[in-house]
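Participant: Chains A and B are the protein sequences, given in the same order.
Going left to right, the first sequence walks through residues 223 to 463 as the working numbering numbers them.
Going left to right, the second sequence walks through residues 75 to 243 as the working numbering numbers them.
Calculated from the structure, these hints are not laboratory results.
Just to be clear, a hint being listed does not mean it is correct.
[Said to hold, decoys possible] A short, non-exhaustive set of chain B residues, derived as facing chain A with CB atoms under 8 Å:
(1) 115
(2) 169
(3) 173
(4) 222
(5) 224
(6) 229
(7) 231
(8) 232
C-beta atoms are modelled at their ideal positions from N, C-alpha and C, and glycine is treated no differently.
Each chain, letter by letter, is given below.
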Amino acid sequence: MQCHEFEDRLHRRLDDRQSPEADPQLVAHAAACEPCGQLLIGQRLLLAGLRRGVKHSSGSQLAQNVLAGYQAEPMEAVVVEGSSGRRSWQILAWLAATAAALAIAVSIYVASQPGRRNVAVSSPSVNAVPSVGPKTPPRDIAHSDSRPPGGNGRRAHALGAFQLLPRGGGYGVALADMATSSLPDAVERMEEVERYAPGIRPIRVSIAMLWNALWRSIPGLGPSESDPKAWHGRMDVRRLV
Amino acid sequence: MLALVERFRGQVFGLCYRMLGQRQDAEDCAQETFVRVLKNLHRWDPGRDFEPWLLAIAGNRCRTALSSRKRRPVADGMVEQLPDDAPDERAAQHLGEEVQLALAAVRAEYRQAFVLFHEHELSYAEIAESMSVPLGTVKTWVHRARKELIEELRRRGVVPEPRNAVPRV
């Protein structure tokens, strides 16, 4: 028997809760091989020491202490519930922010696909729009199509950008218009909502940051070489934060 | 409720003492364990054994206590002398103390798996369930614990060193 076989066999015996000394092959190898013999002695001493066990100390008060701790439980439960509730709310807020950011990203991606242009342009369906607006108050969308072209028409045009897309290569212009006016406006108008629901601040900040990051990557709309600090569609995230 | 504490206090205190090595810490941990168990009794699945579930909670409390102890260092290598009933058991008690010191030197996961297997005689499957790790991992931990404990006992002079440094084959 090799030494590694001895060790494997020793562990198997111990795993099966059998005495290693009852295995003649193990005993024979341990007698012939000093390191393995010491290993066998070591196991015996280890288990003997463990069997020595732990004496219970004067734990007569344990039951009373447990009872007292258990009776003090309701107050603790309230604290735990409060913190976990706050945590779940934060998770919900960040999930909502992520969903909104994803919706914006997907909308831009879909809009920028050359193969989709014709479909989007030829289809007058309003259903294509909703994914674009991140938490925009519904009244803005409703009004956007009903307002006359003048006055606040830029915003109206921008919000309805996907329906009003000019044919023949005007998609980028419409997209830019939407991005430079409606989304930043919508996000900033969320301030009003925030007065009543301060919890939406992370959502608003997330959208603004994501939008700025996306906008930076679109050619022609990011910071220009002449004035790197000024560019269209930028939202002042620092002000939001 | 009190009957439950009385019935299992030995097992819980035993594990806590093995894990923490100090009587006061073990008592505190055992108390926390029972309070937690009583609070969460409705979560116990009656279709399963109670003891592994109870010892899982005790193990978790011990590991929490150990991690907070890391931030608050205590005297190292200290094993408290528990009252001895019979003087003629001194040698056996000494061996028990050495094993306790050796246990303190191995990783907490190894220690918990080893104690649950050899002292509390839980099966590998029960330990795996209570520690939320695969069965193979528990086996590996117990095997490593055995090896490291013997090494530690050897370092402490409890297990004799081989006289000839014959390489094992």
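Participant: Could you run down the list of hints and mark each one as holding or not?
Facilitator: How the hints compare with the structure:
Annotation: residue 115 of chain B was flagged as interfacial toward chain A, and the flag is violated, the nearest CB pair being 10 Å apart, outside 8 Å. With a least beta-carbon distance of about 4 Å to chain A, the hint placing residue 169 of chain B at the interface is held under the 8 Å criterion. For the restraint placing residue 173 of chain B at the interface with chain A, the shortest Cβ-Cβ distance is roughly 3 Å, inside the 8 Å limit, so the hint holds. Annotation: interface hint on residue 222 of chain B violated; nearest CB of chain A at approximately 11 Å, more than 8 Å.
Residue-level restraint check for residue 224 of chain B holds (minimum Cβ-Cβ distance to chain A is 4 Å; threshold 8 Å). Restraint check, residue 229 of chain B versus chain A: the minimum CB separation of about 11 Å is more than 8 Å; hint violated. A distance limit of 8 Å between C-beta atoms decides the matter here; for residue 231 of chain B the minimum to chain A is near 12 Å, and the interface restraint is violated. A least Cβ separation of about 6 Å between residue 232 of chain B and chain A falls short of the 8 Å threshold, and the interface hint therefore holds.
Taken one by one, the earlier hints fail for this structure at numbers 1, 4, 6 and 7, listed in ascending order.
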